[in-house]
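J.: Protein sequences, first through last, are from chains A and B. When we follow the numbering used here, the leftmost residue of the first sequence carries the number 1, and every step to the right adds one. When we follow the numbering used here, the leftmost residue of the second sequence carries the number 1, and every step to the right adds one.
For the record, the hints were derived by calculation from the structure and aren't laboratory data. Ideal Cβ positions, reconstructed from N, Cα and C, are used throughout, including at glycine. One or more of the hints may lead you astray.
Footprint (simulated), chain B over chain A, 3 or more residues, beta carbon under 8 angstroms [to be verified]: (1) 202 to 215; (2) 229 to 236; (3) 303 to 313.
Number of protein chains: 2
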Amino acid sequence: MTDAPLDLSLDAAALTARLVDFPSESGNEKPLADAIEQALRTLPHLEVDRYGNNVVARTRLGLAERVILAGHIDTVPIADNVPSRLDDNGILWGCGTTDMKGGVALQLRMAATVTRPNRDLTFVFYDNEEVAAHLNGLGHIADARPDWLEGDFAVLLEGTYAEVEGGCQGTLRVLLRTSGERAHSARGWMGSNAIHKAAPILAALAAYEPKRTVIDGLEYREGLNAVRVEAGVANNVIPDACTVTVNFRYAPDRSQADAIAHVREVFADCDIAEFVVDDHSGAAMPGLSHPAAAAFMEAVGGSPKPKFGWTDVARFSALGIPAVNYGPGDPIFAHKRDEHVEVAKIHHCEERLHAWLTT
Amino acid sequence: MTDAPLDLSLDAAALTARLVDFPSESGNEKPLADAIEQALRTLPHLEVDRYGNNVVARTRLGLAERVILAGHIDTVPIADNVPSRLDDNGILWGCGTTDMKGGVALQLRMAATVTRPNRDLTFVFYDNEEVAAHLNGLGHIADARPDWLEGDFAVLLEGTYAEVEGGCQGTLRVLLRTSGERAHSARGWMGSNAIHKAAPILAALAAYEPKRTVIDGLEYREGLNAVRVEAGVANNVIPDACTVTVNFRYAPDRSQADAIAHVREVFADCDIAEFVVDDHSGAAMPGLSHPAAAAFMEAVGGSPKPKFGWTDVARFSALGIPAVNYGPGDPIFAHKRDEHVEVAKIHHCEERLHAWLTT
Chain A
1 MTDAPLDLSL
11 DAAALTARLV
21 DFPSESGNEK
31 PLADAIEQAL
41 RTLPHLEVDR
51 YGNNVVARTR
61 LGLAERVILA
71 GHIDTVPIAD
81 NVPSRLDDNG
91 ILWGCGTTDM
101 KGGVALQLRM
111 AATVTRPNRD
121 LTFVFYDNEE
131 VAAHLNGLGH
141 IADARPDWLE
151 GDFAVLLEGT
161 YAEVEGGCQG
171 TLRVLLRTSG
181 ERAHSARGWM
191 GSNAIHKAAP
201 ILAALAAYEP
211 KRTVIDGLEY
221 REGLNAVRVE
231 AGVANNVIPD
241 ACTVTVNFRY
251 APDRSQADAI
261 AHVREVFADC
271 DIAEFVVDDH
281 SGAAMPGLSH
291 PAAAAFMEAV
301 GGSPKPKFGW
311 TDVARFSALG
321 IPAVNYGPGD
331 PIFAHKRDEH
341 VEVAKIHHCE
351 ERLHAWLTT
Chain B
1 MTDAPLDLSL
11 DAAALTARLV
21 DFPSESGNEK
31 PLADAIEQAL
41 RTLPHLEVDR
51 YGNNVVARTR
61 LGLAERVILA
71 GHIDTVPIAD
81 NVPSRLDDNG
91 ILWGCGTTDM
101 KGGVALQLRM
111 AATVTRPNRD
121 LTFVFYDNEE
131 VAAHLNGLGH
141 IADARPDWLE
151 GDFAVLLEGT
161 YAEVEGGCQG
171 TLRVLLRTSG
181 ERAHSARGWM
191 GSNAIHKAAP
201 ILAALAAYEP
211 KRTVIDGLEY
221 REGLNAVRVE
231 AGVANNVIPD
241 ACTVTVNFRY
251 APDRSQADAI
261 AHVREVFADC
271 DIAEFVVDDH
281 SGAAMPGLSH
291 PAAAAFMEAV
301 GGSPKPKFGW
311 TDVARFSALG
321 IPAVNYGPGD
331 PIFAHKRDEH
341 VEVAKIHHCE
351 ERLHAWLTT
């Protein structure tokens, strides 16, 4: 079954089911990338390129505007939820239905059916989105084949429950380390307790009032949270080190440098021994004021929402390409055993995208 | 070598070296218990009993007072520090020199040389002191053969650097758990951060002012410390649970119930979801006002010190027997690779103990 070619004449919901039944956990995307490449190469209006397990297909019509439709083809590990199952209520269940084979099916359907688009089209199918950032296929293409990603506007077909979600917030992870001196806990006064020294850090976190920021009409909500705290040598030892891991989610009006400076300021009086930036992915502006984005909004309808989580739209933003998230799945069910998508949402998105690219 | 009988005619320092060269890590005390029993059975003035790998020897002279000399025969794991080595400065190096084969050698020397004591004598040699409390041989004797431990006063020959250390502080370990609600850290406002909820706990610890308490002229110093803190689900999840492990070391004027009540009170306003008593060993009063203790102090000289760490004197205290710590080793070097004892301190203690029991 998994070796059968992909039939792009299926409607987008049936094609979603077909893709879910074609396992492609991160690191094992090659068979699906092969099938996608093979299917796209049968379409004479597209030029197809491949880099690793990433496939890019483009029209070359010389139109005034070029838009990108992008999606990752990997999934998180299957959790007894493959093959897919369509129930009597029009719900398709299975690993990747929301995140994001419903979106990949829409990319493939647009590639197959929009043979005479009103804008030049670039389809990007990439691997390893669900794992460490340095493995991300979109990042690899941006590094090695940046010309493949040229365009005026990008739609990332991550699940948004068929709403446009603009830009994305940045995410910064910092390790805040306090330092003390070990001693036997029976003679605690001979040491200095690094956990007690973390008290002002937790107090600053508990008192922190996150900002709300409106950009292009979208209200972003920041957040500063401890996600881990670790200390302890033995049950009778005053610990000499404590690490509080904080995660700052920030609105797109902050640069990465601004975000780091802000976190430093919040903890400026906390006697931090070491401040380590452990991970950082910048925010993406919604870019809804761009004419291509406005045309997209008009075609798909509804009112745009801010994207709170970090997504690969930030990679487009870093390349200077405004980008939004738009896909049929409900993101609340991503990575869950009961992941599912409403067939009606797939059909709705298919119809709206088709209208955008053809009328 | 380890099968040779123990020669109790050696001086206490030479006997200490002999005992160090006779490995007896916790759980492997049988050969040494056998050798001790065998050596004691050659002494006609003593009645010898055995329970497991615990050996008890007693005079039966019907004297007005009975004193107990107790010591554990196990050591922590050997760390390339056996066999023992006597250097040119009169320092004996090796595992157990301080903790506490120097003390055990003194017990054996008193058993062999004080054949006509001024007080009835009980010698207790027990196993498994360095491991979990429920394995402790002194506890096993107290449970199964409490009559073997009858007496008016006890000396535990743990290393005190030849000072009398009175009683011991209690040690209480409590887990303080806060509770929140998980959420993705990109939408932190949908959850409740259990680490942030621990802020008042750390603040209370940082602000805590430990009490000093004078009992029988000894100043005890309490301490309340976090020894561990643990929380974290994933780097992008608001954690729903945080555990702060605190260790309360308290003076002998507090009962175990008082100690728990005090810790509850310190954290009363901290919104603790769960308060778990994880481990608890009560304190021991120094008992220096007892006539037998006073006579002991007069014989050994010096001024008594408080014992901050928990020791098995608390087991005697629980049996209603005043007890002190007195031994040649410096406790700072216990459990260390460079563990050692000064031969002069062994000889000093031997002479003082002998004087106490004979004049």
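J.: None of the hints should be skipped; say for each whether it holds.
T.: Verification of the hints:
For the segment 202 to 215 of chain A, the proposed coverage by chain B is satisfied: 5 residues have a C-beta within less than 8 angstroms of a C-beta in that chain, meeting the threshold of three. Counting residues of the segment 229 to 236 of chain A whose C-beta lies closer than 8 angstroms to any C-beta of chain B gives 8; at least three are required, and the coverage claim holds. Chain B is given as covering the segment 303 to 313 of chain A, and this holds because 3 residues of the stretch bring a CB closer than 8 angstroms to a CB of that chain, at least three being needed.
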